[in-house]
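Build out the structure end to end from the sequences listed, making use of the hints.
Number of protein chains: 4
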Amino acid sequence: MPSTPNCAEPAKRARAFGLACGRLKTGPRNAITDVAGVRVAHVTLDDGAIQTGVTALLPHAGNLYRDKPVAAAEVLNGFGKSVGLMQVEELGALETPILLTNTLSVGTCATALVRHAIAANPDIGRSTATVNPLVMECNDGPLNDIQALAVTEADAAAALAAALSEADGAEVAVGSVGAGRGMSCFGFKGGIGTSSRRLKLDGKRHHLGVLVLANFGRPGELCLPDGRRVAPPAKDDAPEKGSVIVIAATDVPLDHRQLRRVIRRAGVGLARVGSFWGHGSGDIALGFTTANRIDHDERADILALRMVNEHRIDRLFEAMADATQEAVLDALAAATPVVGRDGATRPCLSDLLNFGSTP
Amino acid sequence: MPSTPNCAEPAKRARAFGLACGRLKTGPRNAITDVAGVRVAHVTLDDGAIQTGVTALLPHAGNLYRDKPVAAAEVLNGFGKSVGLMQVEELGALETPILLTNTLSVGTCATALVRHAIAANPDIGRSTATVNPLVMECNDGPLNDIQALAVTEADAAAALAAALSEADGAEVAVGSVGAGRGMSCFGFKGGIGTSSRRLKLDGKRHHLGVLVLANFGRPGELCLPDGRRVAPPAKDDAPEKGSVIVIAATDVPLDHRQLRRVIRRAGVGLARVGSFWGHGSGDIALGFTTANRIDHDERADILALRMVNEHRIDRLFEAMADATQEAVLDALAAATPVVGRDGATRPCLSDLLNFGSTP
Amino acid sequence: MPSTPNCAEPAKRARAFGLACGRLKTGPRNAITDVAGVRVAHVTLDDGAIQTGVTALLPHAGNLYRDKPVAAAEVLNGFGKSVGLMQVEELGALETPILLTNTLSVGTCATALVRHAIAANPDIGRSTATVNPLVMECNDGPLNDIQALAVTEADAAAALAAALSEADGAEVAVGSVGAGRGMSCFGFKGGIGTSSRRLKLDGKRHHLGVLVLANFGRPGELCLPDGRRVAPPAKDDAPEKGSVIVIAATDVPLDHRQLRRVIRRAGVGLARVGSFWGHGSGDIALGFTTANRIDHDERADILALRMVNEHRIDRLFEAMADATQEAVLDALAAATPVVGRDGATRPCLSDLLNFGSTP
Amino acid sequence: MPSTPNCAEPAKRARAFGLACGRLKTGPRNAITDVAGVRVAHVTLDDGAIQTGVTALLPHAGNLYRDKPVAAAEVLNGFGKSVGLMQVEELGALETPILLTNTLSVGTCATALVRHAIAANPDIGRSTATVNPLVMECNDGPLNDIQALAVTEADAAAALAAALSEADGAEVAVGSVGAGRGMSCFGFKGGIGTSSRRLKLDGKRHHLGVLVLANFGRPGELCLPDGRRVAPPAKDDAPEKGSVIVIAATDVPLDHRQLRRVIRRAGVGLARVGSFWGHGSGDIALGFTTANRIDHDERADILALRMVNEHRIDRLFEAMADATQEAVLDALAAATPVVGRDGATRPCLSDLLNFGSTP
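Chains as they are written, first to last, in UniProt numbering: chain V, 1 to 359; chain A, 1 to 359; chain R, 1 to 359; chain H, 1 to 359.
Since the hints were made in silico from the structure, they are not lab data.
A portion of the hints provided could be inaccurate.
Computed footprint of chain A on chain V, listed as stretches where at least three residues anywhere in the stretch have a Cβ under 8 angstroms from a Cβ of chain A [as the list claims (entries may be wrong)]:
#, region
1, 67 to 73
2, 180 to 193
Every beta carbon over 12 angstroms from chain V, so not counted as near; a handful from chain A, in silico [stated by the list, open to error]:
#, residue
3, Asp46
4, Glu89
5, Glu166
6, Val339
Positions of the beta carbon are idealized from the N, C-alpha and C atoms, including for glycine.
This is the structure:
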């Protein structure tokens, strides 16, 4: 199975088409990697009916099991198969990278994360606890032969290694890459998108970044920031079997409760682009802050952490809503054509936007 | 304290201004009373700095304690003081009318509901359980002297009596009435709004209706269905201290879990009108179905109930999102001017819509 | 309506009967007031069929609206009518004293808390937000004429004033006092009980204290710490319509998520004394820490807080389970006879324990 | 890797040692298979340091994806890695068998369930939705070389096939079998246990059955039904890294909300045997009812289901608490010696009970 490396030149982004959301400023790359430490890489499987992949996201480049970012999960619509969320909610922290993939490859990716964690932490399941792999997914069945379970542990390991080799603050490859390879969104080609917002707190610059795996939305219901609705040229009449995963990263210090409040606003961004969080769509948000970390080997009984003044949290809510909305548009804008199972394709939003026909 | 009866002539509704949401058909009155049995009435307090009131909503005209509709509650943003939601979530049913009022009058209205229930059910707290009053609220402090705690038990009782005397399927008075008297919304005068959607299931006509108490949204962020943003002429610079209550009624049979899924989509409607569920806004949804009832005195051990085929639930999600969105616009469209505490006022959206200046 | 002040001499406590739970040491008073700052007082209504009251608990003696302890709520069984929990869960803090009373007096006590907060904070509902009153309840209907709604705002205000006048670290009156006046527990006379546990963290002494309003449990199912079951002499055949409120206070720094984990273990203590969290019993836990406070007028954007090392949290779980179990036994041990509505009474556990008949 | 079939002769059960819980009658086998249709089988890996396995539980012998039992999940303490619970909570139904295994084999078992579902339902991920595998786990690291990830997809498939070949109402192999092979409980050898209770509703006989994977509890804190505490002869000083999975089956018709209320009482049973739901223990309950089924291919818009009269639900609460408690004791009573990684062993409770030394 050939693996495609990350695209050499980044796909055209949403802002290149004039698609911008909200009034807040973006970070320098308008990407989740505007949060220092975050790394993203993809392994893309592109071989006939196999159009799928793995996306690896590292909250930081260190040993996540030893140095756990405070995290939270929010289930907007739980028709999904993500794993690891329960422990994130109980302990308020994550302890592995986050892998994104297709629905039926979750087990394989979870096992890959387990092996990855054991390799770095030989005490797992021996003298210390086990490990909670974090894998999130969407169903790329319409384009990908999902029954083939084509993603291997080696693919997942390659994505993890690729992410680790990324430079801090690197551009994020978006569109039909990694887990986004076979995804569809509002009848168009979907995939990976990202966006970020800048915030100033106590005089210092902070960021909130979002990465989405966009595979949701009924054809005809996509809503652009100016209110126009955009439909694909030929309406696919298959029932929607979508989902969307929203990952939020920030360097604003938040406790678990605050983080959950923030990422809940992913639902606002999804509503703005035209979704009502459909029944069949597993709409899940996961967030973490790099500004509060839990040391697995901490010896002190009492720890210090920081949180944002709740009177300022609307800034984060707004950033979350805006960045989620724009990250979805980014996935749509950047998506390049894919010919999948039985020759299935999805039109690219960029074609409509380039020629200005509908919008 | 003078009490104003329901307006003789209904206020102008959202659709009179061309404000309509979604593609589904409305019920005959485009109101929550399109769900058979539902009754709504208001007591409005209008006396100088006292600009507040009570709105009573009866899920049906019978003894609710004896004949409890299946119900569910969903907290979108829990910065609010509604009472009764915990038991609704545990038992999946409501057992009193729903009262809406200002934040600081919740205790008084709860006591009024307790007395109302005891009067009809003398066994309460004697040979049977106690009763769970259901009161929901928004903060009308900017226009109303909320510290006066002006709403009395008699006002609440009058609203309940007025609702009971309503005919089945009556029009709902909307705008600056009842609990909506002193409310503000996106910098405009807010208040009570309603809308409904029609659904066909197994060949039969059903309805989902929504009533909102709209008191949320930052000036400048109101978004009309065509995507245009509307700001009040002079921006009020007071920080938002809003909230919004969304009540959903349906005659579609749903179990508690399904009902909660449906009413969660209130959040979509609120996002569409321009909210990101702000920190200071208690955004709460409560729903009930008249098609599944719990008999307090049931003797059989096993009961029958009905539920919708989950493959069809998107219709209800869409209806809920659309009706919530439109009910908020309805509240804004119907709101008439109020001069409140210290002469405070809010512009009426209808003035802008009538003269077509901004939109 | 005569009001009985706090008992001059404290009732006999659980340990006086050899009823002790677990292996951890108690605080000096074995009471919730072992957490510095916590104050408790009661107003007891004792007049024929009126056998009820109010218990006020202050997390600290200052202005709680200005200086809010981090707090959490956990609903073990939500068949109850407590108010204020939703906001505690959203914001992770409380902002008023906690009032305990009978089920149908919740509205009155909520209004009293609103007035109490406005009196100290004239900006409420004017230039700042409204206030979230926190009232918790059990149904004392079997002994008290609960339909009389006998508790007045003045009673609630008197309880608040009495609590404020308590010295720091004072003994807590327990048994048939305050809200506990008319309560029943496992067929015995119930009421107010308390207990505490001592913890050492980073070499410093800390405490976790519990206060319960015990009104739950089926006759015959009470289980003493040594495993013996104790039944009342004559079994009351009325169906259980109980509830139990568990308030936990600690000076261990915890964030909201940790606090919720800790107070969830109230359920363990209740199970140990013989409850299976019966359907009709509103079993609710509320907890706060005095070691993390939110300043309502905070100007900094980023705040510091502390939390316990999660590897040590089992100590708090154990303390919570043990102190809850013992606080229930304390309520039973301390309860003195009450003759209520229609001459109804409940046997006192202390009579059995004194004479050693059953256990 | 040799696989051990189910034991030919059943292990000695808890009642053989006089360990019985509560006052309700058991079903004929005192096992989860007293609920008609339920099947259980194990694949046990017993090879030096590899002491682990898979347990398969079928809610019924048909195609679960096509005929989904109503189900619910309850997280008592979410320090665990079970997968599939989110969708169960959203949709209120399960659609695959339940596999139990060790923590690090969850991914492999999830993939096995996916393949198993696709084999029976070739439309998965093609013309219909994907599938939600349900895998629950405990950490058997102290006895098993968990880092070996020894469980294969073939092992999982074998367990599924073995369960399908079981007769309806067969005995359940308990003790150190299947997923229970390497488990520890209160310092003793743990594993699989089961118990059931009989209920009469509307004159008809019903059952609630429980199966546990018991791997929790601190040495010295095990509490027998008569209140006596039992400690293992030599205290293992390793920190607890346990967990317990509680599966409940019933043929009483319940809706999702009721089922969740019922299975929550697993926590009562666990508390009674001496647990306070320790920090490191993933304590998870999953329940289903065979009396309400969702047809995946249902064409009607409105469906009928049945639920229990909530006034009778205490019977189910009591059954759940009692059966959970007894199932844990059953696991302990039935556990046979295992020599695991580095020669590690756990004493068997049966040895103490047989010789009557401590209890």
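- request: Tell me, in ascending order, the numbers of any earlier hints that this structure violates.
  value: Of the numbered hints given earlier, those the structure breaks are 1 and 2, listed in rising order.
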